[in-house]
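Undergrad: As a plain string of letters, each chain reads:
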Amino acid sequence: MNTDHDPAVITAVLMAAEGAINRSLELDPASARDLADLSGTVLAVECWAPALEVFAIVEADGRLHLTSYSEQPCNVRVRGGLSDFLTLATAEDPAVTLINSDLEIIGNSAPLIALQTIVAKMQPDWEAPLVEVLGDVAGHQLANLLRQIFRWGQTSSQSLRRQLSEFILEEGRLSPPAAELEYFYQEIDTLVLKVDRLESRLKRLAHRVDSQIQ
Amino acid sequence: MTDKTNAESGETTHFGFETVNKNQKESLVRGVFDSVASRYDVMNDLMSAGIHRLWKRFTIELSAVRPGQTVLDIAGGTGDLAAKFSHLVGDDGKVLLADINDSMLKVGRDRLLDSGAVGNLHMVQCDAQMLPFPDASIDCITIAFGLRNVTDKDMALRSMERILKPGGRLLVLEFSKPVNPVLEKIYDTYSFRILPMMGQLIANDADSYRYLAESIRKHPDQETLLGMMEDAGLVNCEYHNMTGGIVAVHRGIKA
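If you're matching them up, the sequences are chains A and B in order. For our numbering, add 10 to where a residue sits in the first sequence, where the first one is 1. For our numbering, add 8 to where a residue sits in the second sequence, where the first one is 1.
Hints listed in this document are in silico derivations from the structure and should not be mistaken for laboratory results. Be aware that one or more of the hints could be misleading.
What the hints assert, rightly or not - Result set (EDC-like, lysine to aspartate or glutamate): computed pairs, CA atoms no more than 20 Å apart in a straight line:
(1) B:Lys-92 - A:Asp-103
(2) A:Lys-131 - A:Glu-36
(3) A:Lys-131 - A:Asp-103
(4) B:Lys-92 - A:Glu-81
(5) B:Lys-173 - A:Glu-81
(6) B:Lys-185 - A:Glu-36
(7) B:Lys-102 - B:Asp-118
(8) B:Lys-92 - A:Glu-28
(9) B:Lys-33 - B:Asp-49
(10) B:Lys-92 - A:Asp-71
(11) B:Lys-30 - B:Asp-160
(12) B:Lys-33 - B:Glu-246
Just so it is clear, the structure is predicted and the values come from calculations on it, not from any experiment.
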């Protein structure tokens, strides 16, 4: 697949992403071990908009290599738009998201789901590099503080999402609830069917009237 | 054509913007690289703001080198490409780091030894125009920022084509012609004003870095180099512009 992007720019982005992922894997040996089991797996990600092709290759030491060019045969190729990939990347249940999304999968989807599950379950030990630089006491205290901030951020974002959803659906009535919307769609479907039936009855009636006049 | 014949016939070539006798260029280029060898990597990082690492990484990706293959890195200098290839070809493969310049090769050898890249790496001091390897013996050849310093580029390309195995690939990473006129203007200012100044400040050698800038301008542009590779007998030749065409990587396959 040819893209108009400057290879140097793509390489820079991939190098940065690869560095961040592999650094996180160094801090989470369990995930690195799980990833090493997928050694040799080549995953191709083909994005239509923006036009981009990226290969993720799992190396024997459990590291991930990201590249914009590969001649190795792919185990699985995923095609789709950027929004589909973002939905998959943040999905709680990647298998369900894969089935329901517009992503096109060519090849064996098992390594793709395994890879996504590993990434989603990653729990890097951020304390290790801090202790290395700041020492046991200060490193541990800072890590605790960061953990608390991270936990607070997670809880706050979940709470904000829930409250926002309640406000939009229940208090502001700015958007109908999913069940109400589903019922509305069902009613439209029923109405469409009834209109279709009425149309065919009218056609039949018109045909009968025409034949009686003649 | 031998040096003696060159001297007798008075054939000339360019050394930066200067016109010199063909048999003089090799020693003049050697002088430049003897002068910059010890600070070559630092200067590369400074001059390109580290982007040369991205250009080289993409070149390695295009090489698609596999374990067990033999790779020749011509004008390999301080060995950054060779170190990566050494990892890719593994214990069953072989990487030949070649450079005409003794000073650069010594810096590369020391650096590779220090980084632990040993076993499948071999150093060869040789001229790219007359590569001392058997016909059809190499799977992949790379020459990064080296071809513009070669006196007879056509001869060098033919020599590379000769030693490639059928299906083997040649990758030429070299400065080229920016595709955007505005970028070209900025690049010219940078090359002829800032680059020699940086050379003077960091390496205490403005002349060598002025030569680097001039030699880049004298180097064939993307399409010309593509034609030269095809003339040398390579097929399926193509190139990828990087950083707006400041650098291009050309790839050709031995039929």
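Undergrad: Are the hints correct? Go through all of them and say.
TA: A quick look at each hint next to the structure:
1. B:Lys-92 - A:Asp-103: violated, 38 Å
2. A:Lys-131 - A:Glu-36: Given pair Lys-131 of chain A, Glu-36 of chain A holds - Cα atoms ~14 Å apart, limit 20 Å.
3. A:Lys-131 - A:Asp-103: Cα-Cα ~12 Å, so holds.
4. B:Lys-92 - A:Glu-81: With Cα atoms ~17 Å apart, Lys-92 of chain B and Glu-81 of chain A stay inside 20 Å; holds.
5. B:Lys-173 - A:Glu-81: With Cα atoms ~18 Å apart, Lys-173 of chain B and Glu-81 of chain A stay inside 20 Å; holds.
6. B:Lys-185 - A:Glu-36: The hint is violated at about 41 Å.
7. B:Lys-102 - B:Asp-118: holds, 18 Å
8. B:Lys-92 - A:Glu-28: holds, 16 Å
9. B:Lys-33 - B:Asp-49: violated, 23 Å
10. B:Lys-92 - A:Asp-71: Cα-Cα ~16 Å, so holds.
11. B:Lys-30 - B:Asp-160: holds, 9 Å
12. B:Lys-33 - B:Glu-246: violated, 29 Å
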